[in-house]
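Using the sequences and the hints, build the whole thing.
Number of protein chains: 2
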Amino acid sequence: MPSVVIIEDDQRIRELVTRVLSQKGYDVSGAPTALDGLQRIVSESPDVVVLDMGLPDLDGAELLKMIRAITDVPVVVATARGEDRDVIRTLDAGADDYLVKPFSVEQLEARVRAVLRRSALPDVHRAFTVGDLVIDPDARTAMLEMELLELSPKEFDLLVYLAERVGVVVSKRQLMAEVWRQPYGGSEKSVDVHISWLRKKLGESAAETRYIQTVHGVGIKLVEPA
Amino acid sequence: MPSVVIIEDDQRIRELVTRVLSQKGYDVSGAPTALDGLQRIVSESPDVVVLDMGLPDLDGAELLKMIRAITDVPVVVATARGEDRDVIRTLDAGADDYLVKPFSVEQLEARVRAVLRRSALPDVHRAFTVGDLVIDPDARTAMLEMELLELSPKEFDLLVYLAERVGVVVSKRQLMAEVWRQPYGGSEKSVDVHISWLRKKLGESAAETRYIQTVHGVGIKLVEPA
DNA sequence: TGCCGTCGTCAAGACCATGTTAAGGAGTTG
DNA sequence: CAACTCCTTAACATGGTCTTGACGACGGCA
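Heads up: the protein sequence lines correspond to chains A and B, in order.
First residue of the first sequence? That's 0 in numbering that gives the first Met the number 0, and the numbers climb one at a time after it.
First residue of the second sequence? That's 0 in numbering that gives the first Met the number 0, and the numbers climb one at a time after it.
FYI, nobody ran anything at the bench for these hints, they're computed from the structure.
It cannot be assumed that every hint is accurate.
Claimed, not checked - Every beta carbon over 12 Å from chain B, so not counted as near; a handful from chain A, in silico:
hint: 1; residue: V41
hint: 2; residue: S44
hint: 3; residue: R209
Unchecked claim - Capping the alpha-carbon separation at 30 Å, the derived lysine-lysine pairs in DSS-like fashion look like this:
hint: 4; chain 1: A; residue 1: K171; chain 2: A; residue 2: K153
hint: 5; chain 1: A; residue 1: K100; chain 2: B; residue 2: K64
hint: 6; chain 1: A; residue 1: K64; chain 2: B; residue 2: K171
hint: 7; chain 1: A; residue 1: K200; chain 2: B; residue 2: K23
hint: 8; chain 1: B; residue 1: K64; chain 2: A; residue 2: K153
hint: 9; chain 1: A; residue 1: K100; chain 2: B; residue 2: K171
hint: 10; chain 1: A; residue 1: K220; chain 2: A; residue 2: K200
hint: 11; chain 1: A; residue 1: K64; chain 2: B; residue 2: K23
Unchecked claim - Covered stretches of chain B (in silico footprint by chain A; criterion: 3 or more residues with CB under 8 Å from a CB of chain A, positions within the stretch not fixed):
hint: 12; region: 84-96
hint: 13; region: 166-179
hint: 14; region: 212-218
We put the beta carbon where it would ideally sit given N, CA and C, even for glycine.
Next comes the structure, spelled out in structure tokens:
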């Protein structure tokens with residue numbers, strides 16, 4: 000499990016990134032200041048560092064130079080300044096990637112994954128997150144509130160199919176064709192049963208739904224819980 | 000002198016980039032089409048590839064997949080499409096950096112320099128470590144808790160294949176094709192038997208797994224023990 | 001409100017994938 | 001040539017998974 004140190008003074012951003020990356024399986028440690036960040040880099044030897052250049056206590060470029068002086072750890076820089084000169088100077092100072100704010104956490108994660116891939120670490124798989132659900136298609140694991148779910152093959156395929164289309168209603172016919180791969184007159188009853196099983200394993204029932212909602216006469220959809 | 004292949008259909012951009020990079024001392028080769036680009040990658044083994052995703056003859060994502068299938072060369076993608084979804088998909092497809100047009104040639108060069116710096120890192124002679132398992136593909140040895148394991152050739156190949164993909168489920172079909180190298184109708188039963196033997200030597204059984212988990216209906220995976 | 005079609009859940013059985021052992025054959029080595 | 005290793009295949013046991021039908025509940029519509 001790769002570890003990340005994120006150095007960012009804005010608490011909101013720091014906590015958001017920490018939460019999302021943790022959920023995806025990273026070992027995340029947040030630092031609000033350059034000094035704290037450096038200490039964490041030294042003590043935790045992270046696999047990658049996410050660095051905000053606009054820190055209050057030290058110029059980002061200075062910090063980057065110091066980091067480079069002590070370790071080769073990949074550094075992804077995130078900052079509000081996107082001018083060419085800044086980008087070039089930062090990359091030449093040893094940054095591995097440069098992201099201009101505002102950016103989505105998903106893109107940040109993708110870039111972190113890209114630099115990690117180069118360092119020959121065990122890959123973090125691409126995982127969906129829906130509420131407290133984390134679904135990893137490669138490992139074929141699904142976790143609810145950090146607890147591993149025991150899903151049968153069809154249940155897992157079904158969940159992935161729905162997770163790829165969060166918020167969108169899909170018909171049973173469509174599920175029969177895409178998940179069951181039997182477009183002919185197969186009884187669509189199986190779908191109901193599997194949905195029921197999935198609901199039970201997600202800790203909900205048709206009467207009290209959190210993730211799986213049925214739209215009467217149309218189909219079902221996976222939703223972010225309220 | 001690092002060599003670069005640039006795959007870009009717009010002649011103006013291609014020549015501009017070629018000229019500037021050449022001036023900076025790179026060995027630059029330009030390709031206007033995906034096909035030409037692939038050929039150059041194969042014949043010239045460049046140190047880095049700059050890829051425009053909007054090629055006329057082949058979807059950029061497809062080309063990237065093909066490049067990744069044949070080589071690990073760093074790829075810097077440059078494209079007009081900057082939406083999150085595109086960026087993430089492209090990075091996950093194996094790109095090392097992603098630049099949105101319009102960009103300055105200077106920034107492109109800085110990014111090329113950044114990925115080159117990274118790939119120039121010395122390759123360590125690497126052994127896999129999974130829990131208390133240490134696997135050295137070069138020496139063809141595997142140790143469990145510091146005890147040398149006596150594995151047959153197939154068992155070892157199988158273990159290495161799984162260790163290269165820790166946490167990822169691989170199908171028997173895939174194993175048949177990649178480890179056995181017999182994609183035809185070879186009975187996949189052999190896989191079961193070898194897995195069973197491997198488990199026994201790893202001190203576990205299907206009922207009580209530590210390293211090798213089977214995912215019913217899908218395949219098996221090697222995992223870090225809890 | 002009452003009807004009809006849709007949905008939710010349960011339980012049973014058929015079916016299928018896997019685990020394991022043992023036997024046999026091909027190839028290798030001394 | 002005999003002993004050995006290794007791989008494949010068959011056979012059987014086992015347990016997980018899917019489908020199906022039944023039945024009741026629910027929702028939409030007149």
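Each hint tested on the structure:
Against the 12 Å criterion, V41/A stays outside the reach of chain B, whose nearest CB is about 20 Å from its own CB. With 12 Å as the threshold on Cβ separation, the claim that S44/A sits away from chain B holds: the shortest Cβ distance comes to roughly 16 Å. No beta-carbon of chain B comes within 12 Å of the beta-carbon of R209/A; the shortest separation is about 26 Å. Pair hint K171/A plus K153/A holds up; C-alpha atoms about 14 Å apart against a cutoff of 30 Å.
Between K100/A and K64/B the alpha-carbon distance is near 29 Å, which keeps this suggested pair within the 30 Å criterion. In summary, the hint linking K64/A to K171/B is not supported, as the alpha carbons are separated by about 49 Å, beyond the 30 Å threshold. A hinted pair counts as satisfied when its Cα atoms are at most 30 Å apart, and K200/A with K23/B does not qualify at roughly 60 Å. Restraint check for K64/B and K153/A: satisfied, since their Cα atoms lie roughly 28 Å apart, inside the 30 Å limit.
Distance check on the hinted pair: K100/A and K171/B sit about 45 Å apart at the alpha-carbon level, beyond 30 Å; violated. For a cut-off of 30 Å, the pair hint linking K220/A to K200/A stands: about 16 Å separates their Cα positions. Taken as a hint, the K64/A and K23/B pair is honoured in the structure, with Cα atoms around 24 Å apart against an allowance of 30 Å. For the region 84-96 of chain B, the assignment as covered by chain A holds, since 8 residues bring a beta-carbon within under 8 Å of that chain's beta-carbons and 3 suffice.
Counting residues of the region 166-179 of chain B whose beta carbon lies closer than 8 Å to any beta carbon of chain A gives 3, which reaches the threshold of three, so the coverage claim holds. Closer than 8 Å: that is the beta-carbon criterion, and the region 212-218 of chain B has 4 residues meeting it against chain A, so the requirement of 3 holds.
The structure fails hints 6, 7, 9 (numbered hints given earlier, in ascending order).
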